[in-house]
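Novice: Spelled out, the chains give:
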Amino acid sequence: MSFTEILFYVFSAVLVVSALGVITARNPVYSALWLVFAFFNSAIIWMLLEAEFLAIILILVYVGAVMVLFLFVVMMLDIKVEELRAGFTRYAWLGLPIALLVIGEIGSVVWVKSQDDKALGLSSVASPAAYAADYSNTKALGQLLYTEYLYPLQLAASILLIAIVAAIVLTMRKRSGQKVQDIGAQISVKAKDRVRIVKVAAVQPETGNTVEGQS
Amino acid sequence: MNAVPDLIQPVFDFLNLPDWLRLVAWTVMTAVMMFLTIIIFMAFLTLAERRVIGSMQARIGPNRIRLFGLPYFRGLAQPFADVIKLMFKEIILPTGSNKFLFILAPLLTAIPALATWAVMPFWPGFTVANVDAGLLYILALTSTGVYGVILAGWASNSKYAFLGAMRAAAQVVAYEIAMGFALVGVVMAAGSLNLGQIISAQSGGISNWFFIWLFPLFIIYFISGIAETNRAPFDVVEGESEIVAGFHVDYSGMAFALFFVAEYINMILISALTSIFFLGGWLSPFAGVESLPAILTTSGLHWLVFKICFFLFCFLWFRATFPRYRYDQIMRLGWKVFIPLTLVWITVEAVLAVMKIGPFARLMAN
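So the sequences go chain by chain: A and B.
Per my numbering, the very first residue in the first sequence carries number 1; after that it's consecutive.
Per my numbering, the very first residue in the second sequence carries number 1; after that it's consecutive.
Here chain A stands alone, though its shape is the one from the complex (with noise of 0.2 Å):
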């Protein structure tokens, strides 16, 4: 067993413990944090597959943006922890079944051989070879993905962009009443429109009399 294959094994093993501690954690921020322990692991994994342009973007986009905004969402909940113990036993007549379907599924593609020896099995897939030591995962993807596949990727981006903006509009209802803040007004604010300077004339504190020439 080489070094980067027991490197592997022990990042899988990680893996799996954090993807289970995802769904047994009894407070959603644990569950959140163990999310983003899986998604190193992961990166990791991808990184040993020689893949860092998609281990670093998967950090940078899950770890760095989707899981901090998961978290602001998940700290604002009132975590009440009788509650969730409580649903545990009532879905798990349901879900013992599913999990035990898709891991004899999973078993069946890794293990189990077909009459030909072809369509499934892991002894049908070819181990990866190396890169060379100049290859770029990075510079590889990018040349596939802006000649080959310009097209579907534009397409990709624009049904994501589209997706963007529906999101905004739908959330965003305009209601009576509503107070908001003109921010353009506010900065285009000068001092002569908060701040009136008045010069009053100074009184004798004896006769009353106005005095003139002083301020």
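If you are wondering where the hints come from, they were derived from the structure by calculation, not from laboratory data.
All values derive from a computational prediction rather than experimental measurement.
Each hint should be verified, as a subset may be incorrect.
Stated by the list, open to error - Think about it this way: if two alpha-carbon atoms lie no more than 30 Å apart in a straight line, the pair counts; the simulated DSSO-like pairs of lysine-lysine are: (1) K174(A) to K336(B); (2) K336(B) to K192(A); (3) K99(B) to K159(B); (4) K159(B) to K89(B).
On the provided structure of chain A, position chain B as indicated by the hints.
Specialist: For chain B alone, coordinates are given in the frame of chain A:
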């Protein structure tokens, strides 16, 4: 990976190290040396901040503790006194706090701040790890630093700390996209994600430095960098006049010190990155001018340090000058001003490259 220099080889020969261990030992040595340098730099940055802002506000600043009791450089040992004080203070765990996350949070802030330095090119041909996608590595690691802040705010079980954490999460999404777009412009101009190659793309005199052709991106990147380090005028996360001290309200002793260390190291990091991306890193602005002394015309670490110090001074200067941004104004600045500006300038840059105008002409060559 850097080859082991000839200077160190006799030491390794003396220790009788096997070949494979030499490279590992040398890498560990460079990493440790870099860490120590950054920590000491950071320590004196805290002193510089207090002295600089002190003189800007017409007061003196720390001037009591002398280094080894020497009569000059009063206040020079102040950082060491601070460290000793913080080390011997008790770390108080608030009641009802989440103990594990409370201790973990400062570590999660400090580790990414230090780990990012691994890909930094210090002088021609030297980085601890020469990563091809170095810029992405830096972006990925700095974006994880916010976890420490968010978790600290939540684990403290305090409303002020929690408000600070929520602000941090919202602030991150406001400026990080603009920051990424500003770097897209840099990557387009340099044609590489490797930090060393980004610097060498700017070689050949000051007119090739990116800050001239990418001036809007340069300004946006530095302002976003200030927002990322949670420094004034974007320090709503701490906002001492509104939410006491924000996310680290309940922290004391070394746990607080780690947040502090991370903030200052991130300041140095942003300064270093701004100089690498836009001011040519270790390149000399007088390259090729023969009448000047050699130290001014040669590229090297001294130029990078000089540029870093300039940006660090800007950090302190801004803190002493600007009032704090209001929370919703940061959102507006990030989403409505910076993102459209960066998008427009990336388009301008692409058009310049296609029209073969300026230094972007070489981009279309290959």
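Novice: Now, for every hint given, state plainly whether the structure supports it.
Specialist: Going down the list of hints, with the structure as the test:
no.: 1; hint: K174(A) to K336(B); in the structure: holds (20 Å)
no.: 2; hint: K336(B) to K192(A); in the structure: holds (28 Å)
no.: 3; hint: K99(B) to K159(B); in the structure: holds (17 Å)
no.: 4; hint: K159(B) to K89(B); in the structure: holds (24 Å)
Hint compliance for this structure: no hint is broken.
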